[in-house]
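Colleague: Those sequence lines, one after another, are chains A and B. Under my numbering, the residue at position 21 of the first sequence is numbered 539, and the numbers go up by one with no gaps. Under my numbering, the residue at position 106 of the second sequence is numbered 624, and the numbers go up by one with no gaps.
Errors might be hidden in some of the hints.
Copies of the same chain are indistinguishable here, so a pair counts whether it falls within one copy or spans any two.
[To be verified] Result set (SDA-like, lysine to any residue): computed pairs, CA atoms no more than 25 Å apart in a straight line: (1) Lys657 / Glu542; (2) Lys657 / Arg569; (3) Lys657 / Ala541; (4) Lys657 / Asp555; (5) Lys635 / Phe530; (6) Lys657 / Asp632; (7) Lys635 / Glu538; (8) Lys657 / Ala636; (9) Lys657 / His545; (10) Lys657 / Val558; (11) Lys657 / Gly551; (12) Lys657 / Ala598.
Bear in mind the hints are in silico, worked out from the structure with no lab data behind them.
Protein chains: 2
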Amino acid sequence: MRIAIASDHAAFALKAELAEALAEWGHDVVDLGPFSDARVDYPDFGYTLARAIATGDVERGVALCGSGIGISIAVNRDAACRAALVSDPYSATLAREHNDANVIAMGARLIGVDQAKACLEAFLTATFAGGRHEGRVAKLSHPTL
Amino acid sequence: MRIAIASDHAAFALKAELAEALAEWGHDVVDLGPFSDARVDYPDFGYTLARAIATGDVERGVALCGSGIGISIAVNRDAACRAALVSDPYSATLAREHNDANVIAMGARLIGVDQAKACLEAFLTATFAGGRHEGRVAKLSHPTL
């Protein structure tokens, strides 16, 4: 799969670890930055990732910041994105099965590297269950606020 | 504080527990439903909660579904909302301190009642740190996708 990854400075090291794991698993990884650990604003990188999903350039996204909260909010501003903030693999599985999530968000200050890799693996291997979840996901894609 | 709470059927029981806790703590609680555990679609209740925040009817929101993922995505479709999906009190504190989150989201299938109450208490007592976080939060409120 073609997968984009983006973070802020707080998650710069975790981004490198997960990008390496994705490449090892055979995926085509698009690193959207940042490219150093200098201070940046997570919304900028979240919006860049959202655009990559919305345009169809990538099939999945990985969004990282200190807590995962800020960048998950940014990515979910775009109705093309369904970003799931998770801290355990079962949540990552549910995100795919129930919500057809196309972006996984995690917090580098909160999760260990191995747990983050386990979440990422669960997210990439689980499949959308469809059925009763279809209509709910459609409502997320065409919000009627 | 005037606080709205909304869920889906999977989190109907947790909603009742947390609404009771909020009332005990002296808050003015606005229950936006659902009012039974019959199957509903989480985006509908997420959008209703988002509207209550956007209009200024309530100061804070509590958004609940099975995993918390679906309803947090729905709430974050509205640029007036900063919904933080959490499963531990430290994340709930960071959500206020760094992201000025106005909505807390939790997953009823994933979190115990006491842990959920601890998250809620942390969310309601922590304060926004401002400073370097101001500009980032502003970018979430006026997305330039």
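Colleague: Evaluate each hint against the coordinates.
Modeller: Here is what the structure says about each hint:
1. Lys657 / Glu542: So Lys657 and Glu542 fail the 25 Å test inside a copy (35 Å) and across (35 Å) alike.
2. Lys657 / Arg569: Close inside one copy (20 Å) and across copies (16 Å); limit 25 Å.
3. Lys657 / Ala541: Cα proximity of Lys657 and Ala541: none, with 33 Å in one copy and 31 Å across.
4. Lys657 / Asp555: between (37 Å within a copy, 20 Å between copies)
5. Lys635 / Phe530: Within. Shortest intra-copy distance 15 Å satisfies the 25 Å Cα cut-off; inter-copy 32 Å does not.
6. Lys657 / Asp632: neither (34 Å within a copy, 31 Å between copies)
7. Lys635 / Glu538: Within one copy, since 10 Å is at most 25 Å while 38 Å is not.
8. Lys657 / Ala636: For Lys657 and Ala636, neither the intra-copy (29 Å) nor the inter-copy (31 Å) Cα distance is at most 25 Å.
9. Lys657 / His545: Answer is neither; intra-copy 30 Å and inter-copy 31 Å both fail.
10. Lys657 / Val558: Close across copies (12 Å), not inside one copy (33 Å); limit 25 Å.
11. Lys657 / Gly551: between (31 Å within a copy, 18 Å between copies)
12. Lys657 / Ala598: For Lys657 and Ala598, both the intra-copy (11 Å) and inter-copy (19 Å) Cα distances are at most 25 Å.
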